[in-house]
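J.: Protein chains in written order, with the numbering used here: chain A, 29 to 83; chain B, 113 to 430; chain C, 12 to 361.
The set of hints was computed from the structure by calculation and includes no laboratory data. Be aware that a few hints might be false.
Said to hold, decoys possible - No farther apart than 25 Å at their CA atoms in a straight line, the calculated lysine-lysine pairs in the PhoX-like style are these: (1) C:K99 to A:K79; (2) A:K76 to C:K78; (3) A:K75 to B:K354.
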Amino acid sequence: MMGNLLEHMGVERDRLHFSWISSAEATKFVDVVKEISDKVRALDTDKKFAKDYTK
Amino acid sequence: MDTCIEKIRTICADLLAKGEVQKVIGFAEGSIPMASRPIAVTAKADVEKLVFNSFCGLNLANYVADGLPKEGKIAVLAKGCDSRNLVTHMVENQVSRDQLYIIGIPCTGMVDKRKIAALFEDDITDFSEAGDTLTIVSPQKKETVSKKEMLRHNCRMCTHRNPVVFDVMAAEPVEEQTLDQPFADVDRIAAMDPDERWAHFQELTKNCIRCYACRNACPLCYCPTCFVDESAPQWVGKGQDKTDINTFHFLRAFHCAGRCTDCGACVEACPMGINVRDFTRKLNKDALELFGWEAGMDMEKRPPLDVYSPDDPDDFIK
Amino acid sequence: MNFITIDKKDWAGGIDKSRKTFQVFGPVQDENGCQIKPLAPDLYPLMDAGVTTVMSPKSVLFPQTEKMLTATLDASHEDHHVMKPVEKADTPRAVLGIRPYDARAIQLVKLNFDNPDYQDPYWCGACAATTFVGLGVNRPGPCDFSTSTGCGPFSEEGLDVLLADLDDRYLAKILTQKGETWAAACGFDTKADAAESQALFDILKKEAEKNITASVDTDRLSEKSLLDLHEAPFWEDVAFSCINCGTCTYVCPTCWCFDIQDETKHKTATRFRNWDTCMSPLFTHHASGHNPRESKVQRVRQRFMHKLKYFVDKYDQGIMCVGCGRCVASCPVNIDIREVCKTMNNYEKE
Numbered sequence: 029m030m031g032n033l034l035e036h037m038g039v040e041r042d043r044l045h046f047s048w049i050s051s052a053e054a055t056k057f058v059d060v061v062k063e064i065s066d067k068v069r070a071l072d073t074d075k076k077f078a079k080d081y082t083k
Numbered sequence: 113m114d115t116c117i118e119k120i121r122t123i124c125a126d127l128l129a130k131g132e133v134q135k136v137i138g139f140a141e142g143s144i145p146m147a148s149r150p151i152a153v154t155a156k157a158d159v160e161k162l163v164f165n166s167f168c169g170l171n172l173a174n175y176v177a178d179g180l181p182k183e184g185k186i187a188v189l190a191k192g193c194d195s196r197n198l199v200t201h202m203v204e205n206q207v208s209r210d211q212l213y214i215i216g217i218p219c220t221g222m223v224d225k226r227k228i229a230a231l232f233e234d235d236i237t238d239f240s241e242a243g244d245t246l247t248i249v250s251p252q253k254k255e256t257v258s259k260k261e262m263l264r265h266n267c268r269m270c271t272h273r274n275p276v277v278f279d280v281m282a283a284e285p286v287e288e289q290t291l292d293q294p295f296a297d298v299d300r301i302a303a304m305d306p307d308e309r310w311a312h313f314q315e316l317t318k319n320c321i322r323c324y325a326c327r328n329a330c331p332l333c334y335c336p337t338c339f340v341d342e343s344a345p346q347w348v349g350k351g352q353d354k355t356d357i358n359t360f361h362f363l364r365a366f367h368c369a370g371r372c373t374d375c376g377a378c379v380e381a382c383p384m385g386i387n388v389r390d391f392t393r394k395l396n397k398d399a400l401e402l403f404g405w406e407a408g409m410d411m412e413k414r415p416p417l418d419v420y421s422p423d424d425p426d427d428f429i430k
Numbered sequence: 012m013n014f015i016t017i018d019k020k021d022w023a024g025g026i027d028k029s030r031k032t033f034q035v036f037g038p039v040q041d042e043n044g045c046q047i048k049p050l051a052p053d054l055y056p057l058m059d060a061g062v063t064t065v066m067s068p069k070s071v072l073f074p075q076t077e078k079m080l081t082a083t084l085d086a087s088h089e090d091h092h093v094m095k096p097v098e099k100a101d102t103p104r105a106v107l108g109i110r111p112y113d114a115r116a117i118q119l120v121k122l123n124f125d126n127p128d129y130q131d132p133y134w135c136g137a138c139a140a141t142t143f144v145g146l147g148v149n150r151p152g153p154c155d156f157s158t159s160t161g162c163g164p165f166s167e168e169g170l171d172v173l174l175a176d177l178d179d180r181y182l183a184k185i186l187t188q189k190g191e192t193w194a195a196a197c198g199f200d201t202k203a204d205a206a207e208s209q210a211l212f213d214i215l216k217k218e219a220e221k222n223i224t225a226s227v228d229t230d231r232l233s234e235k236s237l238l239d240l241h242e243a244p245f246w247e248d249v250a251f252s253c254i255n256c257g258t259c260t261y262v263c264p265t266c267w268c269f270d271i272q273d274e275t276k277h278k279t280a281t282r283f284r285n286w287d288t289c290m291s292p293l294f295t296h297h298a299s300g301h302n303p304r305e306s307k308v309q310r311v312r313q314r315f316m317h318k319l320k321y322f323v324d325k326y327d328q329g330i331m332c333v334g335c336g337r338c339v340a341s342c343p344v345n346i347d348i349r350e351v352c353k354t355m356n357n358y359e360k361e
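Use the sequences and the hints to build the structure in full.
T.: Rendered as structure tokens:
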């Protein structure tokens, strides 16, 4: 529901990810982090929920 | 609307005289046109102060959790939406059923004061209503309008006008509405592309002054320390940076996910009339579609974000 | 005293001329009501708004969020961790079309920000750079009780220019040197006869004041015992409906409280000043964890005691209120300062 609301506001859905990972699942952790990093990097630097102190 | 005020006063006078409740929480006449104010009546003689009309738009469930005596009951006037919030309070262990005497009021809706004010170029000096007819006066002119056309948006979308829990009903139940498109406003936003949507929400909150009237009028917002008031660590800035304003509204809405009854008190309280329901309505739609859930309808069931069920949608989890 | 006639046909052109030297502010209507905003080159102030602005013009001198100081946390810089003032351009500004009570409010706020003991450099700098061009209120609204608070719909205190709306033209009374400079920058120079103009102003003032329907009595506030009022039993009733939001304090032109916070991002620290409200539970929360105004009743009582008693006793300039009626119109639960004032003014300890 959080992802849906963020998307409803116009924030790209790919910025928010969920996963259940046990501390015993190191390989899964690496895979998920890689996937998330790739997906988020593919998007432009977020300007929507970022504070800009130069203003 | 049958404002049923005489019946309400009789019921309250009786309750207070018999000592069945220590106080009655209701509405009193306001000091300016189209205003009403929440009031606590403890003396039988004061029940004459109680009113009920088409601008009792705040949610009295907001006053219940703080006002509980150590022993005994309090009475509270509850419209359909208010009664659902009382159910939520009970489900969330903020109050127990035996502490409340609920006076149910079937409601035909509250009027949108801003919509009425927009009909005039100067200040309104008088307002009166008789059934569906509203008569509004300002120094420049007098207008007669139909209440149906001046209803608040949440009241037009309301499908639970009759209280779901009560000890006594102050009037006969009213017919419930059926809506073809119960979430047309949410759909309209969803149809926009992402940048348009972002622009919509920026435009929506451009005049927000962080007064927190929306939060404080909301019966669901009863946390002893709200997330925006935390300082160790501080999660959200207190200034007017757009990111802080967005975060406040987004996260407050999310804290009400699956709990909001769309009572409209937030919009009613806002000094700018910002329709913060644009945040919560999306969540209400999702709660219904993903979990078949409407807040405050059933005292026995746990809310969906409160319990785990193997059937819960989980295609978003890796 | 100089009087100038401004044909309404020339008004917009004059404002445009003044934009060369002034940043122009004024009321504009949007979906949320009438707001005071900086006016972009194609925007003009709404001079004939029948209702007052939701917020007061105090934000022109005292913005809701103001950057005060900034510092770099980068140790490789010579001046790291040294807080420096933010580059501020106190460019001349003109606030057009404000109501006279808002100008008096600025004078009341000045007691706090510009006095012999202490001058707030941010507020003082902004005030010195601002010219207030007020518009007399011919038809005061039902919540306007400015005549009870020492000003009124045609009061001149705090204004640099007072305009009177005469249908097809404005009659401008130039009150200060700043007012002269503004009129010159707009190119408004059609002089009007002084005696006739003053007479006109006097008539308009009388008519406008006759239209004021709301009033409060404040004559007995100073003689009341502070402790008696503080311990009075009526506060519980007054405070019941209050939801402790910040609406009344934020819309009020005479409220001045603020909070200072530092925010850091990466290697930059910025110190901000934000409006704060005595209605918030956090307002008096001490670092020790103790809070002398923990309960709602204490906070509601504090607000009215400050406005209607402490200020009266301390400054002997009447109440800390100019009767604009914004709090009455905007309070979500309709707590009415006029009623509270009446209760306090009439209170006799049993």
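J.: Decide if the proposed pair is consistent with the structure: C:K99 and A:K79, CA atoms, cutoff 25 Å inclusive.
T.: 20 Å, holds
J.: Assess, step by step, whether the Cα of A:K76 is no farther than 25 Å from the Cα of C:K78, and give holds or violated.
T.: 21 Å, holds
J.: Are the Cα atoms of A:K75 and B:K354 separated by 25 Å or less?
T.: Given that 25 Å is the threshold and the Cα spacing comes to 11 Å, the pair holds.
The structure agrees with every numbered hint stated previously.
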